[in-house]
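Chemist: Based on the sequences and whatever the hints tell you, model everything.
Each chain, written out:
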Amino acid sequence: MTRFHAAHSLTEALALLHEETDTRPMAGGTDILVRMRRSPPAVPLTLIGIEGVPELQGIREEPSWLSIGAATPFAAIAASPLIAAHAPLLQDAARAVGAPAIRNMATLGGNLCTASPAGDSLPPLYVLDAEVELASKAGRRRMAVSDFILGPGETQLEPGEILCRVLVPHAPPIARCQFEKVGRRRSLAIAVASFAGLLRVDGAGRIAGARFAFGSVGPAAVTVPEAEALLRGQLAVQPDPAAVERAVLAVCATVRPIDDLRASASYRRALAGNLLRRFLSPPSSPGLNAATGHASHG
Amino acid sequence: MSTDIEFELNGKPVRIATPETRRAIDLLREDLHLTGSKEGCGAGECGACAVLIGDEIRLACLMLAGQLAGRRVTTIEGLPHSALGARLLRAFAEAGAVQCGYCIPGMEMAAFDLLRREPDPSRERIREALSGNLCRCTGYVKIVDAVRLAAAGDAGPESPPDGAAA
Amino acid sequence: MADAVSALAVGWPETRADARAKAEGREPYAADLYPEGVLWAGAVRPGARLGIAHGRIQRIGTAAAEALPGVLKVLTAKDVPGTNRQGIVHKDMPVLADGKIRYVGDPVALVIATSREELEEAIRLVEVDIEPLPAVYDPDTALADGAPKVHEERAGNILAAAGIRVGGGADALAQCDAVVEGVFETPVQAHGFLETENGVACREADGSLTITASTQAPFRDRLEIGHALGVPFEHIRVIAPCLGGGFGGKDGATVQCLLALAALNTGGRPVKMQWSREENLLAGYRRHACRIEYRLGAMRDGRLHAVHCRLVYDTGAYAHLGGEVMALGMEHAGGPYRIPHVRIEGKCVYTNNPVAGAMRAFGVAQATFAFESMMDVLAAKLGADPLELRRQNALRPGDTNCAGVVLENSVGIGGCLELIAGHPHWTGRAAWKAAAPPGKRRGVGLASVFNAAGYGANVRDAAIAKVELTADGRILVYNAVADMGQGNASAFVQMAGHILAQDASRVEVRQPDTAAAYPSGSSSASRTTFTFGNALIAACTQLKARLINRAGLLLFVDDDTALELVPGKVVHAPSRRETALAQLASFMRPEERCCLGEFVAPLCRDTAGAGNGFFVGFPHVIFSYGAHLARVEADLATGAITAVDYVAATDGGRVINPVMFEQQVHGGVAQGLGYALMEDLATRQGQVLATDFASYPMPGALDLPDIVSLACESEERTGPFGMKGIGEVAMNGPLPAVANALADACGVRLWRAPLTPERVWQALDQAAGQARESAA
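Residue numbers (our numbering), protein chains in the order written: chain A, 158 to 455; chain B, 5 to 170; chain C, 1331 to 2106.
Treat the hints with caution; some may be incorrect.
A few chain B positions that, by computed beta-carbon distances, are all more than 12 Å from chain C [stated by the list, open to error]:
hint	residue
1	E12
2	D59
3	R76
Cβ-Cβ distance ranges computed for the label pairs, FRET-style [as the list claims (entries may be wrong)]:
hint	chain 1	residue 1	chain 2	residue 2	range
4	C	L1926	B	V18	46 to 52 Å
5	C	E2045	B	E128	53 to 59 Å
6	C	A1875	B	D59	57 to 63 Å
7	A	D417	B	D59	35 to 41 Å
If you are wondering where the hints come from, they were derived from the structure by calculation, not from laboratory data.
Backbone N, C-alpha and C fix where the C-beta goes; we use that ideal spot for every residue, glycine too.
Modeler: Printed below as a string of structure tokens:
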């Protein structure tokens, strides 16, 4: 039988993780309890409740970064003025997670540790160059979110270790950003594909830096540095359509989606390209823009 | 392997011996006989088990008894104790929002949570707030109507407790 | 205080009798029962675990499970005392599989334990060895020569095959000026009720069984249990509290026989069974997938002339109502139109897929997608306005419908189409479409719908209602047809209050209990309020006369017309004397305070040889009608369709309660939009791909528009207060209306449902590819 211990401090949580075998940290429980329902663990697990650990809570501005406690629920991220100011992309993603009750329970750290390819927070954190801080009895370590996540359900988290903070580094101002999630419905949507993109511009309004990441089109969030490079120097408000199409092609060639119950790989690939195209050159007249990735030729 | 767990339930202290891993929904329905909260999916996808933990709406099918310790829990049975809750429940009945009724307690908990934060929400805001609560009978139109009705009644006089409907 | 109240009145938007209790979480559903000392029962369904849909059971190892503390018993087919067969029309479904499993959800053992946790562990520990057998996963394969048989005694895997021929049949297509054709596929749909299949059973001290279950057919359950388990009917009592949704999925055996079997083995302790959502999606009934081939021909002036279609329904491993589903689909395959020459062929085929059964608008929702899509295709070919084409051909009273039945009852399709024709969403469609936001296209789509009411020919569609003046002077209606949420029980309260002039506080309803009410059929087929309501009118009319008569005795009045029932009493206005109902009741013996009313629904007596091969349930005489209008927006980048708004005009005869009328229409449209846009309970090799509500998406509050319901009232002379059932008709419109709106928006037509973003995108991509090729 599974057991549960609620921890009240980080020290206690780390100690509990060490004392028992087959332990798992649990924050909101929205992923781990569903997974355990789907496939009951072969050995009894001990769940260490960490949602009440004060060190894992809260959103703070620090000199180099915005620090977000790993057990901060998405509802708090969705409502935070600090997040609005420093990481609006992450805020948009937080607002797209599940539904209100789920957002009160599900945490940012939980979303990262679940490491689902469809995790809503992953694409924004990739383009924001976010890092994670992990704690164990041995000490702390930091790494990029993109290094932390290894693949579906796999991370660098070691046994006995807890993800304690997510750090969003301060960076030059963003001219425009967008998060978009395409699911099979709007309520409680699970991403068939998701997109996070941001543009930084120079004094002449040209793209100085473009960052994109795509969810649900690969084993983890997918970034496409080649596409980002293709857009450097383009006018942010009206990039050259040929450059946009080259970037779209690069995205379609890079993403590695799979066929599953929700959608086919080919649809997901096209969707990734279409979401990028729509971000870079939003359609202006009714129905004239790309339906399928070919329209800009005309 | 039971533990004594103490929490506040609908304004009253509760102490009950239960395994800490018992699902909150089972604790409420089976052990504490509060069957107003429903289970529709067991996986956080339907909202029928929604309850308030402190001031936040949460899903009792994805909470363990151990997580309730020391918390303030409000279920549908506790909703009539507040003026807003009573008004909301009356509005659901009067607006024709209730058909089979199985989703309704969870729906009302989500609506209550919304109206406490936003007394006068738009229909679109109501739909967003209820987007985690599935209803298979209504098409949601009259549910949204009911929340609007409860919001509109905000400034109005309280009806008598037995509020005979027209 | 009591003087101020007014009696309930038919036609008024009275608050539903169950609304307050449900809104306060007080309504006791079957799932809310946890009797003291209750045991838990659960089925072992090894097909999913083993990845086998069809196989011979070699061994069932129960020792490990039985050794668990807390496990009382593990029962298998050899422990089933009766025929071990259940089924509404065909008794082909075992309570516990004996010999082989025919689909992934077939139960091979029943575990009884003292807690849910122990039950779940024990179910995992039951070892089952199954030798896979060759299987059939689609009707084409199942119908092929030499195909493996799902049931040994069913040659060719055919459950039912039938035909309809009117006029010259398919040959008349040759006379048409325009013929359009298409092949359509519809998906499997889950009912998606929120209260999963469940119940509680107990063997009483006298040996009888009491079962409280979430069921649409308590009286038929008694027969099913008696037959399957060899228990005399009089020893079985079934109680049906309010259901947390049904939609057809609780019409037929789910937990009933398993629970009764468990209760025979617990030494008198109560036992509970509650399916998880996962079990519901694996083993619950579902809507039939259907493939439809269609040819529709018309004359140049728009008159429909001939139709030929073939419908093949996949019924899965067991019959349930598959033959009747097929029959109903065939009966509606010509649409609510005058077509002089008709040929409709139908087959219902066994496969090793999960069991398809009754679901709201069964058979018809599938056929409507085809014929209403074809109507738009035909309109385009003729250069006709799609609404005008429908108006021109709409059935009128006295016409012969596509099943060869002369319509002698109310027919409101014409009026429904008029309401749509005058609606601003239709008249203003050009401007609305032109205002599509960037990157999106807008379109408007129509659907004409109809749905039969009642069981149909060769099945007695009857009800027996009981109404009582209680000892304290209130009115008690003994409902015999389960209320799954559609509000029939509230309609009964309203009817009784109307006839007996009592207010809401003085009329109560008792939900079905086979020990208190009388056999009145199932809650299904748009017949629940119609059939029982008619019986209730008879009972209430009789009670009213009796109360007036008794009041006359007490008040020394011999003129009945001077006596009037009012809330709580009978008054004699000329003398201002009165007697309270409670006082009246105290002068009456218990049996005198009860009245029974009976009703048998009208049946078709003359089918003029239009159909052949039908068993039961064909044809019908009473239909509800509707005309639907959807406005959709398609996102060209993602293929996602949004139903921006939706108007449904419905002819359900006279409206008993306008709010409840809207509830049914809204709900039908909502379920229909789910069917149109996202729902697909697909299988691969007989394995169900969706395991929960995350993988089986249904519309949430953000996915549906503010649906508008318009009533187009007619007078149905056979209906209670002139009404017809409308529980199903609205379900039929959304899929074709949205498909037509998509075609209007983007010029692409989808022949396969649901119209997922991916399918829309593929169609757009293909169309763009063709456009480029033709430009090159």
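Chemist: Evaluate each hint against the coordinates.
Modeler: So, going through the hints one by one against the coordinates:
1. B/E12, annotated as away from the interface, keeps every beta carbon of chain C farther than 12 Å; the closest lies near 19 Å.
2. No Cβ of chain C approaches the Cβ of B/D59 within 12 Å, the least distance being about 20 Å, so the stated non-interface status holds.
3. Distance check for B/R76 against chain C: the nearest CB is about 18 Å away, which clears 12 Å, and the non-interface claim stands.
4. A hinted range of 46 to 52 Å holds for the C-beta pair C/L1926 and B/V18, which are about 48 Å apart.
5. Roughly 40 Å separates the CB atoms of C/E2045 and B/E128, a value that falls outside the hinted 53 to 59 Å.
6. Checked against the hint of 57 to 63 Å, the C-beta distance between C/A1875 and B/D59 comes to roughly 58 Å, which is consistent with it.
7. Restraint check, A/D417 to B/D59: a C-beta distance of roughly 38 Å satisfies the suggested window 35 to 41 Å.
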